[in-house]
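Here the protein sequences line up with chains A and S, keeping their order.
Sequential numbering of the first sequence, starting at 1, is according to our numbering.
Sequential numbering of the second sequence, starting at 1, is according to our numbering.
Calculated directly from the structure, the hints in this document are not laboratory data.
Each hint should be verified, as a subset may be incorrect.
Claimed, not checked - Below 27 Å or equal to it, Euclidean Cα-Cα: the simulated DSS-like pairs (lysine-lysine) are:
id : chain 1 : residue 1 : chain 2 : residue 2
1  : A       : Lys47     : S       : Lys163
2  : S       : Lys326    : A       : Lys135
3  : A       : Lys225    : A       : Lys307
4  : S       : Lys326    : A       : Lys249
5  : S       : Lys6      : S       : Lys218
6  : S       : Lys132    : A       : Lys47
7  : A       : Lys326    : A       : Lys249
8  : S       : Lys78     : S       : Lys132
9  : S       : Lys132    : S       : Lys7
10 : A       : Lys180    : S       : Lys334
11 : A       : Lys322    : A       : Lys307
12 : S       : Lys6      : S       : Lys87
13 : S       : Lys261    : S       : Lys214
14 : S       : Lys326    : A       : Lys253
15 : S       : Lys315    : S       : Lys105
16 : A       : Lys249    : A       : Lys307
17 : S       : Lys163    : S       : Lys87
18 : S       : Lys163    : S       : Lys221
19 : S       : Lys7      : S       : Lys334
20 : S       : Lys132    : S       : Lys221
21 : A       : Lys135    : S       : Lys315
All values derive from a computational prediction rather than experimental measurement.
Okay, here's what each chain looks like letter by letter:
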Amino acid sequence: MAQIMFWEAVRRAHDEEMANDPMVICMGEDIGVAGGTYKATNGLYAKYGAERVIDTPISENGFTGLAVGASFLGVRPIVEIMSVNFAWLALDQLFNSAANVRYMSGGQLTAPVVVRSPGGTAHMLGAQHSARMEKVFMGIAGLRVVTPSNPRQAYGLLKSAVRCNDPVFINEHELMYNMKGEVPDNEYFMPLEGSEVAREGRDVTLFGYNISVHWCMAAADILSKQFGIEAEVIDLYSLAPLDRAGIRKSVSKTHRAIIVEEAEAPVGVGSEVMAIINEECFFELDAAPVRVSAENVPIPYNHTLEKAVIPDANDVVAAVRKMFGK
Amino acid sequence: MNAADKKRLLREMLFARRFEERCYEAYVERKIGGFLHLYPGEEACAFGVLEAARPGHDYVITGYRDHVHAIKCGADPKEVMAELFAKETGSSKGRGGSMHIFDVKHHFMGGYALVGGPFPLAAGMAKAIQLKGGDEIAICFLGDAANNQGTFHESLNMAALWKLPVLYVCENNLYGIGTRIDRSTAVVEQYKRVAAYNIPSAQEDGQDIEKVFKAAQKAVKHVRSGKGPYFLELMTYRYRGHSMSDSNAYRGKDEERMWSKRDPIIMLRDRLIESGDLTKAAYKTMDTEILDQIENDIIAFAESSPEPRVEELHKYVFAENDPWVKGAARGGDK
Numbered sequence: 001m002a003q004i005m006f007w008e009a010v011r012r013a014h015d016e017e018m019a020n021d022p023m024v025i026c027m028g029e030d031i032g033v034a035g036g037t038y039k040a041t042n043g044l045y046a047k048y049g050a051e052r053v054i055d056t057p058i059s060e061n062g063f064t065g066l067a068v069g070a071s072f073l074g075v076r077p078i079v080e081i082m083s084v085n086f087a088w089l090a091l092d093q094l095f096n097s098a099a100n101v102r103y104m105s106g107g108q109l110t111a112p113v114v115v116r117s118p119g120g121t122a123h124m125l126g127a128q129h130s131a132r133m134e135k136v137f138m139g140i141a142g143l144r145v146v147t148p149s150n151p152r153q154a155y156g157l158l159k160s161a162v163r164c165n166d167p168v169f170i171n172e173h174e175l176m177y178n179m180k181g182e183v184p185d186n187e188y189f190m191p192l193e194g195s196e197v198a199r200e201g202r203d204v205t206l207f208g209y210n211i212s213v214h215w216c217m218a219a220a221d222i223l224s225k226q227f228g229i230e231a232e233v234i235d236l237y238s239l240a241p242l243d244r245a246g247i248r249k250s251v252s253k254t255h256r257a258i259i260v261e262e263a264e265a266p267v268g269v270g271s272e273v274m275a276i277i278n279e280e281c282f283f284e285l286d287a288a289p290v291r292v293s294a295e296n297v298p299i300p301y302n303h304t305l306e307k308a309v310i311p312d313a314n315d316v317v318a319a320v321r322k323m324f325g326k
Numbered sequence: 001m002n003a004a005d006k007k008r009l010l011r012e013m014l015f016a017r018r019f020e021e022r023c024y025e026a027y028v029e030r031k032i033g034g035f036l037h038l039y040p041g042e043e044a045c046a047f048g049v050l051e052a053a054r055p056g057h058d059y060v061i062t063g064y065r066d067h068v069h070a071i072k073c074g075a076d077p078k079e080v081m082a083e084l085f086a087k088e089t090g091s092s093k094g095r096g097g098s099m100h101i102f103d104v105k106h107h108f109m110g111g112y113a114l115v116g117g118p119f120p121l122a123a124g125m126a127k128a129i130q131l132k133g134g135d136e137i138a139i140c141f142l143g144d145a146a147n148n149q150g151t152f153h154e155s156l157n158m159a160a161l162w163k164l165p166v167l168y169v170c171e172n173n174l175y176g177i178g179t180r181i182d183r184s185t186a187v188v189e190q191y192k193r194v195a196a197y198n199i200p201s202a203q204e205d206g207q208d209i210e211k212v213f214k215a216a217q218k219a220v221k222h223v224r225s226g227k228g229p230y231f232l233e234l235m236t237y238r239y240r241g242h243s244m245s246d247s248n249a250y251r252g253k254d255e256e257r258m259w260s261k262r263d264p265i266i267m268l269r270d271r272l273i274e275s276g277d278l279t280k281a282a283y284k285t286m287d288t289e290i291l292d293q294i295e296n297d298i299i300a301f302a303e304s305s306p307e308p309r310v311e312e313l314h315k316y317v318f319a320e321n322d323p324w325v326k327g328a329a330r331g332g333d334k
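Please build the complete structure, drawing on both the sequences and the hints.
Shown next, in the form of structure tokens:
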């Protein structure tokens, strides 16, 4: 099992799926000749040509709609939108067309399109390049949303997303493309629904997804070493649908839950997971669930302010200590 | 186009007219709900263009004024009416409604309710045709007001850039909902706007089906020969309001009278009578047969069909039993 970077894992999934099926294409801004802003399609233009590795104009709604239309006829496009902030412009086609078409056609048409886009707050990119939009995508019926936290998931989820017959939005993270991790040498597919136990524990469950899984893992280490608290970390890699059974199972074991999200609290993953805990296993709880979320402000440019908006492992530790009165 | 073709087209257009008029009645009777956008007045556009193309083979997409396009592509009018009646036997199983008629087996790829939404979808279907190497083309029918959406410009740019086999047909009925075109649009003549993308275009009288057919033949030939997109503007008029909730108070009666004199069905009928290919009596019989068919066959089917079952509310949200969705991870290192 090789250690490769996140972008290499995404690139490998593209390459294998394009080699496997001539109807798989990829498209987006700067993904071809330039090799991709995050190198996720590096070298594919030379290998598969301009017909299948398409440098698009800067027309997010237009080229997303074009991908959706192509998918009606059996093409399997992988669309890269350079930043989720730009994906706002494509919401019309993604929601109105892709997510609805199977239902409103009575099952006659489907839009097996994959849209990948990095969200998250990177470094001093300001309010219009730092959005965390997963909360928007996960609220739309007919759209699957997954969000990998490591190279293995990035590879295995993209592979399955390309083959799945539903539209899938893959929420990546600008800061994670150079993260290294183990990826199987053999072909590997992850189910698009579910969650993973990233760390077993008995005292409290830390729910994370994408980058916040790493804050949870770091926090769990500190909690174990310094406070004798054994945290379980659940990686909610599928945001739509959320893994109700996985959430119930872990909370029924630890009886305490903290949800950690990079996004602002309102109408988010945290509020949704809390609602599921209430619905599924309220009487298992020994303490009220807690959210660790970003401050609800547009992301500031100044780095000190920027850091103050986004939670980190220390905030997770503080929330757990407060819950345990330690 | 010979006399037999013209007579067939007259019958098809008259059928479409009567079908839509019956929809109006059913709406008033509350058999049809939601929004209902009717096509009377514009029939020569859909029939003239699609007559020059290959309905059922070429991929057709449009906006919410979609019943007639679907029928010309091959959709069963009974299923279209059943859809309007919100029945399980409807073309979209009662899940879509008037604005979302689909008949994929006849390559009618749907009606869409967002103004301008189908522009990029049509370009995408054309991209798929290009990748697969087929001889189909994509045909997108939309109204003039859709051309003020960003999707118009984004799609035309990509279609021209990649020489996509797509025909954009602009049914210019002079109104975007209730706003007249010169009050919403800086360049009133729509065919001129696509010059910015080096897309060949033409403007034609949309009330005369023979002229539409001729212009569409040229357009279809261009697109099918691999030369890239084409834009055809057809000047037309809708007799009813934008939708059933539109009182139509924004237009003058003189204007409506002027257009009613250029009715596509009456014009073709009179021409056929003048040439001796049709008698008034034969036309009357044709009309009676159509009205009977609509009432006894189509409305009866829609009325008597079952509604969708609430137990199947969640069907069609996602693909059923998709192997990539649930279960354990597959593959990987041993």
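Tell me, which hint numbers fail for this structure? 8, 9, 12, 16, 17 and 19
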